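Sequences listed follow chains S and U, in order.
Per this note's numbering, the first sequence starts with residue -18, numbered consecutively.
Per this note's numbering, the second sequence starts with residue 64, numbered consecutively.
There are no misleading hints in this set.
The following label-pair restraints were derived from C-beta to C-beta distances:
#: 1; chain 1: U; residue 1: 229; chain 2: S; residue 2: 20; range: 29 to 39 Å
#: 2; chain 1: S; residue 1: 29; chain 2: U; residue 2: 223; range: 23 to 33 Å
#: 3; chain 1: U; residue 1: 185; chain 2: S; residue 2: 42; range: 28 to 38 Å
#: 4; chain 1: U; residue 1: 296; chain 2: S; residue 2: 8; range: 38 to 48 Å
#: 5; chain 1: S; residue 1: 91; chain 2: U; residue 2: 239; range: 17 to 27 Å
#: 6; chain 1: S; residue 1: 24; chain 2: U; residue 2: 197; range: 40 to 50 Å
#: 7; chain 1: S; residue 1: 29; chain 2: U; residue 2: 79; range: 47 to 57 Å
#: 8; chain 1: U; residue 1: 215; chain 2: S; residue 2: 52; range: 34 to 44 Å
#: 9; chain 1: U; residue 1: 179; chain 2: S; residue 2: 84; range: 33 to 43 Å
#: 10; chain 1: S; residue 1: 84; chain 2: U; residue 2: 196; range: 54 to 64 Å
#: 11; chain 1: U; residue 1: 179; chain 2: S; residue 2: 42; range: 17 to 27 Å
#: 12; chain 1: U; residue 1: 196; chain 2: S; residue 2: 80; range: 51 to 61 Å
#: 13; chain 1: S; residue 1: 20; chain 2: U; residue 2: 239; range: 21 to 31 Å
Non-contacting residues of chain U with respect to chain S, defined by C-beta distances greater than 12 Å in every case (computed):
#: 14; residue: 72
#: 15; residue: 94
#: 16; residue: 142
#: 17; residue: 177
#: 18; residue: 185
#: 19; residue: 192
#: 20; residue: 212
#: 21; residue: 221
#: 22; residue: 276
#: 23; residue: 295
#: 24; residue: 319
The hints are simulated quantities; they were obtained by calculation from the structure and are not laboratory data.
All values derive from a computational prediction rather than experimental measurement.
From the three backbone atoms N, C-alpha and C, an ideal C-beta is built for every residue, glycine too.
What follows is each chain in one-letter form.
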Amino acid sequence: MLLVVTYSQAARTTLRNVCRSHEATVVRRFGRAALFEATELGAFLALRLREKHGSEVQIERTTPLNEYEDVPESVQEAAAAYEKRDKPSTPYAKFAAGTDHPDPERLDASEL
Amino acid sequence: MNAVVAGRTYEGRAIDVDAGVSAAAVARAVRGEDVDGVSVSCPSPTPVHDYVGLIPPVDAFDLRGALATTARALGHEAPQREAIEDLRTQLTEFEVDGIDVAAIRRRVAEAGDDEAHLRERVAALRGRVQALREADGETAADAEAELESAITELSEVETERIAAEQSLSRAEARERAARDRRERRLELADRLANLERGARADLAATVYDEFTAAVATLPGDGDAGGEPGEYDGDAVTAALGVARVAPLRAPVVLAADRFDDAATAADRLDAPVVRLPRP
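With the hints as extra help, turn the sequences into a complete structure.
This is the structure:
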């Protein structure tokens, strides 16, 4: 899908109007951002916004994340284990220390 | 005030015009615009005139805005004024260094296309060289030279594509930082809009009692309620009420059947009036 984020009052207003008049193409709206369908119409609407407001409009292409495909097992397991931790107040760094789970620095340094 | 309409000259604080000219045209002439067949010499209109210079108003009547402007004309100041001015200054001085990422995106796309074409060409040439070699070793020389040069070209284009991609990711990183600034600017702009809304409401409240009294005494059905949002009545009555409260030196152009003549209107509104028949 296409994620469109606006960074000015004018661009936000245009986005609101576009969303109002193209409900079928707008998958979801969040305040000053919206998700458009990944169709040529979605792209057309997004490009119109960029044409009108230049760099006050950010357009990203998004895809759903399949964690079983895109995320290393160690990360999946760490997330699952951390959510099952005994003490909710334990920070992840402490939780991971001395275990096989990756530490936060390593996670941060590894591209997906 | 001195007005010339369709060749006839009028003078005084209250003028009844009966010639075939529209109220909107007279209002434009009051604002100093060049209008065919109409000229009005009068003091310059003040911001309140944007609201009550022409009655009935053409667009929806913004009562809160009209009253806020009136309050300012009467010397009232909003408590938010300093904060508003401060934010306005911050916003004018706020700069965001944008870069034209579009040009770099295009370069990446073009380099990618070039590379794909060349790859196909190299594959085709390889096939041809292979086929020629199998048929007759001698005649492959030309095709081999061609293949060689295509391979060289491909490696150049590949280098260019990689360079373009790197420059795009650098540009995107800079854009990310610029977006943080834009977000901050938007926050300031939103805060300014909120303060301005608050200031309008506060200013309008300072003259609401006068407005309520004016509406009660002027012709027309209007119930002021306790604040601008509660006003219940037509736009003409609201505009007349504001005109009564506001200090006006430029004339109100009136095309509504609320007064017997311009003199009565000028008296009741305490303002100069050009009155035209209702269209």
